[in-house]
Amino acid sequence: MYKKYRKSRYTIKHETQEGTLILFNTFSGAIATIEDVKTKEKVKTILREGLLCEPANELETELINQHFLVHHSTDENRLVDLMRDMEKNRKDHYELILYSTEECNFRCVYCFEKFLRGEMPKEIQQAIIKHILRKAPHINSLNIAWFGGEPLEGVNVIRNINKEVKEISKKFGFTFNSGITTNGYELDENLFRELVDLNIIQYQITLDGPKDTHDTHRILKDGGPTFDRIINNLKSIQKTDLEFKVLIRSNFDKTNKDRMQELIELLSEFLNGDERFQLYFKPVQNYGGTSAKDLPLYDPKESFKVMSEVQKRAHCYFPTSTELLSSLDPMGSVCYAGLPNSFAIGADGTIYKCTLELDEPLNQLGKIRGDGTFDIDEDKLTLWITADAKDDRQCNSCILKPTCQGMHCPLIRIKEQRSPCPPLKKGIRTALELVTVYAGIDIKND
Numbered sequence: 001m002y003k004k005y006r007k008s009r010y011t012i013k014h015e016t017q018e019g020t021l022i023l024f025n026t027f028s029g030a031i032a033t034i035e036d037v038k039t040k041e042k043v044k045t046i047l048r049e050g051l052l053c054e055p056a057n058e059l060e061t062e063l064i065n066q067h068f069l070v071h072h073s074t075d076e077n078r079l080v081d082l083m084r085d086m087e088k089n090r091k092d093h094y095e096l097i098l099y100s101t102e103e104c105n106f107r108c109v110y111c112f113e114k115f116l117r118g119e120m121p122k123e124i125q126q127a128i129i130k131h132i133l134r135k136a137p138h139i140n141s142l143n144i145a146w147f148g149g150e151p152l153e154g155v156n157v158i159r160n161i162n163k164e165v166k167e168i169s170k171k172f173g174f175t176f177n178s179g180i181t182t183n184g185y186e187l188d189e190n191l192f193r194e195l196v197d198l199n200i201i202q203y204q205i206t207l208d209g210p211k212d213t214h215d216t217h218r219i220l221k222d223g224g225p226t227f228d229r230i231i232n233n234l235k236s237i238q239k240t241d242l243e244f245k246v247l248i249r250s251n252f253d254k255t256n257k258d259r260m261q262e263l264i265e266l267l268s269e270f271l272n273g274d275e276r277f278q279l280y281f282k283p284v285q286n287y288g289g290t291s292a293k294d295l296p297l298y299d300p301k302e303s304f305k306v307m308s309e310v311q312k313r314a315h316c317y318f319p320t321s322t323e324l325l326s327s328l329d330p331m332g333s334v335c336y337a338g339l340p341n342s343f344a345i346g347a348d349g350t351i352y353k354c355t356l357e358l359d360e361p362l363n364q365l366g367k368i369r370g371d372g373t374f375d376i377d378e379d380k381l382t383l384w385i386t387a388d389a390k391d392d393r394q395c396n397s398c399i400l401k402p403t404c405q406g407m408h409c410p411l412i413r414i415k416e417q418r419s420p421c422p423p424l425k426k427g428i429r430t431a432l433e434l435v436t437v438y439a440g441i442d443i444k445n446d
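Numbering (our numbering), first residue to last: 1 to 446.
Treat the hints with care, since some could be wrong.
[Stated by the list, open to error] Once the Cα atoms are required to be at most 20 Å apart in a straight line, the calculated EDC-like pairs of lysine to aspartate or glutamate come out as:
| # | residue 1 | residue 2 |
| --- | --- | --- |
| 1 | Lys-235 | Glu-189 |
| 2 | Lys-254 | Asp-212 |
| 3 | Lys-245 | Glu-275 |
| 4 | Lys-13 | Glu-49 |
| 5 | Lys-3 | Glu-58 |
| 6 | Lys-13 | Asp-222 |
| 7 | Lys-426 | Asp-329 |
| 8 | Lys-122 | Glu-164 |
| 9 | Lys-4 | Glu-58 |
| 10 | Lys-282 | Asp-294 |
| 11 | Lys-235 | Asp-188 |
| 12 | Lys-88 | Asp-329 |
| 13 | Lys-38 | Glu-15 |
| 14 | Lys-245 | Glu-186 |
| 15 | Lys-135 | Glu-378 |
| 16 | Lys-380 | Asp-391 |
| 17 | Lys-239 | Asp-197 |
| 18 | Lys-88 | Glu-378 |
| 19 | Lys-426 | Glu-323 |
| 20 | Lys-305 | Glu-433 |
| 21 | Lys-122 | Glu-167 |
| 22 | Lys-7 | Glu-54 |
| 23 | Lys-3 | Glu-62 |
| 24 | Lys-38 | Glu-49 |
| 25 | Lys-235 | Glu-275 |
| 26 | Lys-245 | Asp-212 |
| 27 | Lys-312 | Glu-275 |
| 28 | Lys-13 | Glu-41 |
| 29 | Lys-221 | Glu-186 |
| 30 | Lys-235 | Asp-258 |
| 31 | Lys-312 | Glu-265 |
Honestly, the hints are just simulated from the structure, not real lab data.
Throw the hints in and build the complete structure from the sequences for me.
Right, here's the structure in full:
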């Protein structure tokens, strides 16, 4: 009996100026590049007309296996909903974003933080450890991300909690990974080695262009420069033989975008192709910082295009950032705040879903109790974890639904009652050109 196959509603077909055909399926995450002219024409015909029989060769089989083609009766929307529900119902993985302190030694011009609270008290630290002990028998993996303020201003909190959790993970047999978003100013080699030993192997450090532009954007509290010290720390870290990943993030606006090539070349001189380091560019956005409204920011509609242009330059020196790659994955553009197994805990024990809107009442879910249990407003929590594409006609008809599930920013959906589309939506074809070196398959002529 013949089977009929059609192009998946989640298959994107894009041909570059150089003539490479790129296929991307947002449900499976498969990426394929095709350069052979005859094969390209075959693929285009198959995607346009479908198949009326069982796959007869390797090419047709590959298109089906990678989900570029699906059986004509497949309910793809239901499959995407099932993927979302399975992720939301996961009990084996848990994520915490912890504020060791809400104070910072920097005063970046675009920062939205208010620095209201200092180092996390010991009683809150102990409550978090007790909370993890309660979770430990039921999980296979735990991720702790350190945030602030500047988390290294509260480094003793990090030492205490990660040391305890490392022992708990050994006792209960779950995987414990940790990361930190730091300005890198205090991250000398000795501290770095200590943090890696505490399972902190993922780092995000920001450099806003070369020295002169960075030192006008990211300054000390007293107005002093920060660039040289961060660069020296990176050089020391690079010389170690430890296993880690450092994502160097560079925020750009109209004042420093054209200076990013200088940063790329400077970093490449001493990183020298070290794959432990990646470089990623992000447009500065107005999150409410005192000076953000006065900065020459890019319009959101053009920011992804500009970002891609800069990222292409970096691609000659650095591997494509996993930040960009992971955003293309199924569920890859879903905000952590929309997931039931992810919480942020402030330095005073306040429980949040989002790290950007600490003053938003809807984001303040409650407090952690001394015994490690959460005292939270269940109605608020429900708003966050149900802010998805389920009843959104626009999202349900979107080719990127598997990628963001209508959950790119739950707070936008909650407060503004609209679809929170990721920047990727306007730049998907440009993004695909950036990542095709990591193509899952390279379809050749049969």
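Practice prompt. Please name the hints from earlier in the document that this structure breaks, with their numbers sorted from lowest to highest.
Written response: Violated: hints 6, 26, 30.
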